Amino acid sequence: MRAPTALVLPGLAWLVVFMLVPCGLILVYAFLERGTYGGIDWLFTFDNFVRGVEPLYVSILIDSALIAGSATAVALLLGYPAAWGIARAAPRWQTRLLVLVMLPFWSNYLIRTYAWIVLLNREGLISRGLVDLGVIDAPVSLLYTAPSVVVGLVYNYLPFVILSIYASLQRLDPSVLEASEDLGAPPWRTFVRVVLPLTMPGVAAGAVFVFVLSIGNFITPDLLGGGRVVMVGNLIYDQFLSARDWPFGAALSLALIAIMMGLLFAQAVATNRGR
Amino acid sequence: MAAERPAGTRGALATRLWLGGVLCFLYCPILVLMALSFNRAGLPTVWSGFGLNWYAELIESPEILSAARNTLVVAVASTLIATALGTMLALGVARRAPSSALDALLFAPMIIPDIVLAIALLSFYSLLNLTLGLHSIIASHVVFNIAFVCAVVRTRLKHFDFAVLEASEDLGASRFTTFRRVTLPMILPGVLAGAMLAFTLSVDEFIIAFFVAGPGESSTTLPMRIYSMIRFGVTPEINAMATIVMLFSFTLVLLSQRLDRSATLPDD
Amino acid sequence: MHDPLHARRTRSATRLSTACALTLVAGSAVADGSLVVSNWDGYMPEDLPDRFSEASGTDVEVSFHATNEEIMGKVVASRGKGYDVLFVSSPFAEALHELDLLAPIDRAKIPNLANLYPQAEELAYDPGNTFSVPYAWGTTGLCYRSDRLAEAPDSWQDLLDPDESLVGRTTMLATDRWLMGAGLLARGYSVNETDPARIEQVRDDLVATKRTLLAYDDTTFYSKLVSGEADLVHAWDGWCNYGIAENPDIRYVVPEEGSDLWVDTMVIMKSSENVDAAHGFIDYVLGAETGQWVVENIMYKVPNEAAMGNIDPAMLESFPNLAMTPDELMQGEQLRDLGETQKAYTKAVTEITSSR
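For the record, the sequence lines run as chains A, B and C.
At position 159 of the first sequence the residue is numbered 158 (numbering that gives the first Met the number 0), and the sequence of numbers has no breaks.
At position 228 of the second sequence the residue is numbered 227 (numbering that gives the first Met the number 0), and the sequence of numbers has no breaks.
At position 158 of the third sequence the residue is numbered 157 (numbering that gives the first Met the number 0), and the sequence of numbers has no breaks.
Derived from the structure by calculation, the hints contain no laboratory data.
It cannot be assumed that every hint is accurate.
[What the hints assert, rightly or not] Calculated cross-link-like contacts (lysine to any residue; reagent style SDA-like; alpha-carbon spacing at most 25 Å):
hint, chain 1, residue 1, chain 2, residue 2
1, B, 157, A, 51
2, C, 209, C, 112
3, C, 346, A, 43
4, C, 346, A, 266
5, C, 342, C, 203
6, C, 346, A, 9
7, C, 209, A, 55
8, C, 209, C, 191
9, C, 346, A, 254
10, C, 346, A, 58
11, C, 80, B, 68
12, C, 209, C, 126
13, C, 346, C, 126
14, C, 108, C, 122
15, B, 157, B, 99
16, B, 157, A, 263
17, C, 80, C, 69
18, C, 209, A, 53
19, C, 342, A, 263
20, C, 108, C, 53
21, C, 209, A, 60
22, C, 346, A, 52
23, C, 346, C, 96
24, C, 342, A, 55
25, B, 157, A, 171
26, C, 269, C, 286
27, C, 209, A, 50
28, C, 209, A, 51
29, C, 269, A, 62
30, C, 269, C, 335
31, C, 342, A, 32
32, C, 80, A, 24
33, B, 157, A, 266
34, C, 342, C, 193
35, C, 269, C, 339
36, C, 342, C, 197
37, C, 342, C, 324
38, C, 108, C, 145
39, C, 209, A, 9
40, C, 108, C, 126
Note that the structure is predicted; figures quoted are calculated from it, not measured.
Using the sequences and the hints given, assemble the complete structure.
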């Protein structure tokens, strides 16, 4: 192969210097102590990990996983039928629909989350709407709860889930579906026994994407959670900016990365087995 | 799948309604924001007439203009660097035997939580005693941009028949001509799509910029400004800002779409 | 063997973009003879930097930090590089001084120090103002809707252990010293408490309080009072005035257990390249006129006797906490740097804010 190394080197070098090395630094920091006023004391310790498995932090991790899991489940439930709808549409409409679905995804994350602050706060449309409809007596704030964080996460990642499932649906061989119907299977069974397993890669890819991005998310729980919903991302942010306990923040980051890599590995294994 | 007609029309109607509902869910918040930005009163509860006053306030604000300028500088610089490096990477990698280590390295920036990358970079710069500023943001943005550009161009290269290159050279064309006449036209839409993607990502990026920016206005990007505005609560200026930023993104994405339709679809 | 022309093209593209980036770096470096000042957003009149620039000819670039911890983190990480003047609360000024990051204050360059109240020259964290200059001071207490509460609150317990009717309608400040401060004062402890057992006690109290809160809020608590989302909030006195300005039913009270005396100070970084200009900036801020303008603008008290003397009595009536005298203020315990104990506080606060 006449693949020139010179082509690959500059990009790789950048990634090594600006990604691998900093991440390696975090790995090292996780084993050090914090300085009195912040910063690092170069003293080796396991304390950060010991602290990391205290019940409080484990419960935050579990909470984060639950929130991320709920967001994933909701996104899949909402997204699958939508992807199906797009796949069933006339060919020239499919691209347009996809673009429509993906457009919000490419816009600013902060603003998409802010849009929900506007909707969910006490003076927001939903609250006012419920009052006007007589459902509730007084305006109420729908923010600062785990469900509002889940809504924010679903909103932000749903387009990708739809895209991912659609891509899988597109690759379905129509003759398989026809065969199933010819054999007398009702549509529902065709779906569960044939379509769903065949589209698993797309579903899995979408699910892992949402889960991984949600569990490490900082902005959504920060803006929609009001300091009451604390996820791992917020904890890490706090350690670096408020608590100035960089080593502990580093240890938490390692835990997060470990979880994610575990998930991605599992997904890769599952997908390969499917093939 | 494309030629199928739905088995049951009721099912088809249901899925169409569902799709409509999902699209509504996706667009309603954005549309509400946009509508509010034109509300003279600025409050969601009272509509007091169409007005561009909030936009005027935005445009007159020097901090906003400076932040917007910084954001563009960072986006252009990081896109240029990342597109060059990412394309080269993709070209170099495409012809090699697949290597999961290399793949992992190339996909890592996309999956590391951005907060972790942000703190890692801050720690790194701080250890080196580097003065922070727009340059530190640019260098950091290049990291994830390289990964995205490389991924997009690689997807393009998957359909590329490298035998064509060899044939071209066998026919006597120089390396350069082969590149110019064969490779470049083939990958250019992908490269441009990747570049636009990188540009969009950089313009919207908040958390890494927040951590590695230097002090002062000269180092504040628009997302950083938006974040501090949001922390102070819901205001009409943010709604106007949000509308402008959204429309800008939409335009960019639609442009990118026209450039290369297949480049926005994943191919896994 | 590689394709030389292709590689050359992409290399020159890389070089071009790197050159662009470097030019930008050079261009974005702060010009000589200018100052970088970091402050809380909205904590000084918007035109103050411009007014100073006009008067002195020195450009001022303003940077914002949302909390003391944030600017401390940035400054400790960069050893102060890039900043000239910081606005930080007193314990953090003390900490910066311990870290040897501050330039000494040259009193000869700040003649307007004469405008300060005598009490403001004898503050516990920096007697004689040798490394910091006070900018604003005040108390922390309870800000509430007098029209919605049956009785006026008078104790920290009204916030920490609220009535049924107030559950979910209160907020607390999220920043370390003040969050812990409320709990410490409620138990009669010092706001600079170092006993680990007591710190844990207070932490447990505040964990219980968290379950009754609407949210932790440092910046928008007054608008929650105005909008009716909250009825009783933990607030700095000056910030409560923003609420009072929008709704005269809002009142401020210092609980009977007392308040801390917080002082926000201006410090000059040792790494500053414009120490003289920095002194000039501080001197400008301490001017009688500027001081008055600050008060009218941000509605906090300043330790500037000359400025406070000029405040319109009508303003003092509408915002009673502006009328507190220095003697009254000095009754509050001053916040000091905690040294090693700071770790225990931040750990406790992390545990409080992440508890369920």
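Keeping to a limit of 25 Å between CA atoms, is the pair of residue 157 of chain B and residue 266 of chain A held or broken?
Measuring from Cα to Cα gives roughly 22 Å; hence the hint holds.
Please verify whether residue 209 of chain C and residue 53 of chain A have alpha carbons no more than 25 Å apart.
holds (20 Å)
For the pair supplied as a hint, residue 108 of chain C and residue 53 of chain C, confirm whether the alpha-carbon distance does not exceed 25 Å.
Holds, because 19 Å separates the two Cα atoms, which is no more than 25 Å.
Does the structure keep residue 209 of chain C and residue 51 of chain A at a Cα separation of 25 Å or less?
holds (22 Å)
Do the alpha carbons of residue 209 of chain C and residue 50 of chain A lie within 25 Å of each other, as the hint requires?
Distance of about 22 Å is within 25 Å: holds.
Check whether the Cα positions of residue 209 of chain C and residue 191 of chain C lie no farther apart than 25 Å.
holds (22 Å)
Tell me if the straight-line CA distance from residue 342 of chain C to residue 55 of chain A falls inside 25 Å.
With Cα atoms ~17 Å apart, residue 342 of chain C and residue 55 of chain A stay inside 25 Å; holds.
Is residue 342 of chain C close enough to residue 193 of chain C, meaning Cα to Cα at most 25 Å?
The hint holds at about 11 Å.
Given the hinted pair residue 80 of chain C and residue 69 of chain C, is their alpha-carbon gap at most 25 Å?
With a Cα-Cα distance of about 15 Å, the restraint between residue 80 of chain C and residue 69 of chain C holds, given a limit of 25 Å.
For residue 346 of chain C and residue 9 of chain A, compute the direct alpha-carbon distance and say whether it is at most 25 Å.
violated (43 Å)
Verify the proposed pairing of residue 346 of chain C with residue 96 of chain C, using a straight-line Cα cut of 25 Å.
holds (23 Å)
Agreement of residue 269 of chain C and residue 335 of chain C with the hint, judged by alpha carbon distance not exceeding 25 Å
Answer holds: residue 269 of chain C to residue 335 of chain C is near 21 Å, not above 25 Å.
When the structure is compared with the earlier hints, violations turn up for hints 1, 2, 4, 6, 12, 13, 19, 29, 37, 38 and 39 and for no others.
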